[in-house]
Structures are given as structure tokens and as C-alpha cells.
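Trainee: Protein chains in written order, with the numbering used here: chain L, 45 to 201; chain H, 45 to 201; chain A, 26 to 102; chain C, 26 to 102.
Check each hint, because a few of them may be wrong.
Said to hold, decoys possible - Using 27 Å as the maximum straight-line C-alpha spacing, the simulated DSSO-like pairs for lysine-lysine come out as follows:
(1) L:Lys171 to C:Lys67
(2) H:Lys117 to H:Lys52
(3) H:Lys105 to A:Lys57
(4) A:Lys88 to H:Lys171
(5) A:Lys54 to H:Lys105
(6) L:Lys149 to H:Lys87
(7) L:Lys105 to C:Lys43
(8) L:Lys89 to H:Lys52
Said to hold, decoys possible - Derived list of chain H stretches under chain L, where covered just means 3 residues or more per stretch with a C-beta under 8 Å from a C-beta of chain L:
(9) 62-70
(10) 134-147
(11) 155-163
Hints listed in this document are in silico derivations from the structure and should not be mistaken for laboratory results.
C-beta atoms are modelled at their ideal positions from N, C-alpha and C, and glycine is treated no differently.
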Amino acid sequence: MNQNELFKITKDPINIEEVTNKVIRREAGAITTFTGTVREFTKGKRTLYLEYDAYIPMAVKKLAQIGQEISEKWPDAITAITHRIGRLDISEIAVVIAVSTPHRKDAYDANEYAIERIKQIVPIWKKEHWEDGEMWIGDQLETKRYPTGKPEEEDLV
Amino acid sequence: MNQNELFKITKDPINIEEVTNKVIRREAGAITTFTGTVREFTKGKRTLYLEYDAYIPMAVKKLAQIGQEISEKWPDAITAITHRIGRLDISEIAVVIAVSTPHRKDAYDANEYAIERIKQIVPIWKKEHWEDGEMWIGDQLETKRYPTGKPEEEDLV
Amino acid sequence: MITVLFFAHLQEIAGMEKLTLDVDQISIKSLKQKLKEEYQFKNLDQIMFAINEEYATEDEIIKNGDIVALIPPVSGG
Amino acid sequence: MITVLFFAHLQEIAGMEKLTLDVDQISIKSLKQKLKEEYQFKNLDQIMFAINEEYATEDEIIKNGDIVALIPPVSGG
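Could you build all of it, start to finish, from the sequences and the hints given here?
Mentor: Printed below as a string of C-alpha cells:
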């Protein structure tokens with residue numbers, strides 16, 4: 045298994061099985077896989093499609109850093125993460141995180157840790173496209189929005 | 045989607061993607077998939093292969109009941125579970141549980157609930173085959189073992 | 026007539042997958058006693074019972090045509 | 026010479042993916058000031074900076090040949 049391939053940014057559709065298979069091994073009895081898809085409605089607002097942008101080399105490094113952090117917190121865990129960029133339609137897969145561990149509890153905890161960290165440190169951005177506009181979503185809590193597609197006056201001052 | 049196919053006992057290898065795809069939908073942004081594989085070593089003892097037996101119609105009913113319990117606890121969750129029976133070699137997949145929810149926290153919690161419940165109420169049994177013997181594993185904590193392949197005198201009294 | 030199903034190690038002890046009993050109705054408790062006295066089961070303390078694919082308690086009555094299953098502690102997953 | 030990369034809405038504001046600055050060395054803080062004064066960026070308060078693909082603090086010095094990136098709050102996953 046090529047270590048480099050455990051952490052990947054891709055423009056192509058993501059195969060859940062392929063990412064999961066990277067972490068299956070004789071010593072591991074439990075694998076959790078998180079699949080993030082494009083949801084149609086967020087707080088009642090209908091999304092038409094999303095666009096993801098990334099600072100690719102740094103994003104790959106940060107994904108690998110998350111894998112490293114997981115290995116330190118859960119020594120027997122192996123992590124693989126693939127994140128897609130470009131245009132994604134409703135229900136398409138944006139991210140797949142697979143974590144294998146000898147015992148199941150760790151696999152759930154480590155996987156949840158991975159998605160939280162992705163939303164904190166990995167330089168990937170999404171732009172929501174709605175029927176009535178588009179905006180780059182500004183942070184993990186989705187509280188920072190730019191309804192006109194660019195920062196408002198208050199954000200620029 | 046055929047409701048019956050959400051909960052399945054099969055003699056054939058399980059495809060992770062196929063089970064996961066059953067729960068992907070426009071309203072769901074998060075899917076967690078748990079994959080249980082045959083681990084080579086348990087408490088230092090080497091497993092050669094496993095054999096799973098099930099009371100198939102009741103097992104399917106109990107899997108569906110777990111799906112129902114999840115729908116009650118997490119109203120927007122959809123669950124699919126496939127469990128394999130028969131002979132399984134090391135690293136082969138015994139069970140795949142997929143849960144989709146609008147938000148990710150629920151997907152982790154509901155999935156973990158499902159595996160815990162499987163180990164409590166679903167009539168499926170595994171027999172471990174080691175180099176020096178075999179035994180039906182007696183309960184979820186794996187504390188109840190029959191080293192000679194059948195219950196000991198003390199279990200029969 | 027009732028049908029009794031065996032799984033896992035109980036199937037190995039019984040040497041069969043199922044047993045047909047020519048009784049019209051019997052409680053789980055009495056069936057348990059019968060299995061211990063007339064068959065090879067010395068201890069059924071940890072064994073749950075199901076009637077027609079649902080877990081049943083000791084005092085439930087199995088009726089003619091029912092399918093009963095002996096459910097040892099499960100170990101799926 | 027240093028290279029400055031823009032992503033997401035900053036790329037749209039800048040109207041370009043990158044900028045080359047003919048400076049030998051400059052702190053993140055000074056670069057920020059320069060971007061505000063000489064380019065279209067009015068507010069960079071929420072923006073993190075990375076030097077050669079690692080997050081950097083305000084007082085770190087960008088050197089000749091370094092690649093700097095402006096990192097708005099991320100929203101992957």
C-alpha cells in the first residue's frame with residue numbers, strides 16, 4: 045500500500061469501497077467509513093449544486109497530518125481520506141474517511157475526530173449554488189456567508 | 045428501494061458500496077458505514093477462519109427491528125444492514141451497517157447503536173477455528189467459550 | 026405438533042437441526058424440562074427461546090403448529 | 026521574489042489565482058498590510074496565512090522563493 049494514496053484530493057467521483065479497502069488488514073476487525081454527500085436542503089434552503097476548491101498540496105499534507113494525529117491518539121488505527129473537488133451535484137460524494145482499528149469503539153471515535161479536524165484545518169472551500177444566488181461558505185459552522193458571491197462591505201472594512 | 049433489502053443475511057461476500065448506496069438520499073448529508081471483518085488475532089490467539097450460523101428469518105426480523113429502533117431514536121435516520129454467514133477467512137467482511145442522516149453526529153451515534161444491538165438480539169453465532177481447536181463463541185463479550193467445540197461439563201450441568 | 030430448532034453448539038449437541046414434538050401445547054418451561062430429561066441437554070440456563078421468530082418468556086405457551094427455537098447467547102457482528 | 030496564492034472568494038476578489046511580488050523578505054503582517062493598501066483586499070482579519078504549505082503566524086518572515094497562501098475559513102467535509 046502506497047502511503048501517499050491514503051490521503052487524496054481528486055476531481056473524480058469517489059468510490060467508497062476503494063477508500064475503505066485501503067485500511068482493511070488482518071489485524072483490524074472494525075472499519076468505520078464516513079461518507080459526506082451533497083445535501084439538498086440546509087436550513088430550509090435548496091442547494092442546486094456545490095463547487096469545491098482546494099489548495100491541493102497543502103490539503104493533502106493536512107489530511108496526512110490528521111492521519112498522523114489519529115495514529116498518536118489511537119495507536120493501532122489506520123486512516124485513509126479522499127476529498128473531491130470541482131462541481132458536485134446533489135447526493136454526490138464530497139468526502140470519504142475510512143479508519144480501521146482492532147476494536148470497534150476506537151474506529152467510531154477516530155473517524156469522528158477526522159471529520160471534525162477536516163473542518164478545522166484542511167484548506168478546502170465550498171461554494172453553494174442556490175436558485176437565487178451563490179456563496180462561498182466561510183467556516184465550519186457555516187455562519188460566515190457571502191450572499192453576493194463575494195464578501196459584504198462589512199467583511200471588507 | 046425495497047424495504048426488505050435493507051436488512052439481509054447472505055452467504056455471499058458483502059459489497060460495502062452496495063449496502064451504503066441503499067441509504068444515500070437527497071436529504072442526507074452524512075452516511076456512516078461500519079464494516080466488521082475477521083480479525084486474525086484476538087487476545088493473542090490466532091484465528092484461522094470463522095464460521096457463522098444464523099436463524100435466518102428471525103435474524104432478518106431482528107435487523108429490521110434495530111432499523112426501526114434507530115428511526116425512533118433518530119427520526120431522520122435510514123439504516124441498512126447486511127450480515128454474512130458461512131465460512132469466512134481472515135479480513136473477509138462479516139457485517140456492513142450503513143446509516144444516513146442529515147447531520148453527521150447522528151450518523152455516528154446511530155451506527156454504533158446498531159452494532160451494539162446486533163451483538164445483543166440478533167440470532168447469529170460464530171465459531172472460531174484456531175490451529176489447536178474450535179469453539180462456538182458464546183456471547184458478545186466473548187467470555188463464554190466452549191474450548192472443545194461443545195459446552196464443558198460445567199455448562200451442561 | 027410443534028417444531029424445535031437448534032443452532033450453533035446446541036445443534037452439535039442435539040446432532041440435528043430440528044425436532045418435531047407431538048404435543049398440542051406446552052409452556053417454554055415444560056419444554057425446557059422435557060429437553061433436559063428426554064434429550065442430550067443437561068443445561069439450558071443461558072438459552073433464550075423464541076416462538077415463531079420472537080423471543081419468548083418461560084411461562085409463554087407454545088401451541089400446535091408453532092416453531093420454537095433455542096437461542097444460545099448470540100455472537101454476530 | 027515571493028508567490029502569493031488566492032483561493033475561494035479571495036480569488037474572485039483578486040481576479041487572479043496568484044501574484045508574484047518582487048521582495049526579498051517580508052513578514053506576514055507586512056504582506057497583509059501591502060495587500061490591503063495596494064490590492065483589492067479591504068479586510069483580511071479572518072484570513073490565515075500559510076508559508077510553503079504550513080500555517081504561519083503574523084510575525085513569521087516570508088523569504089525569497091517562498092510560496093504564501095491566503096487561507097479563508099475552510100469549509101471542506
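Trainee: To test your reading of the hints: which numbers does this structure violate?
Mentor: Result: hints 4 and 8 break, sorted rising.
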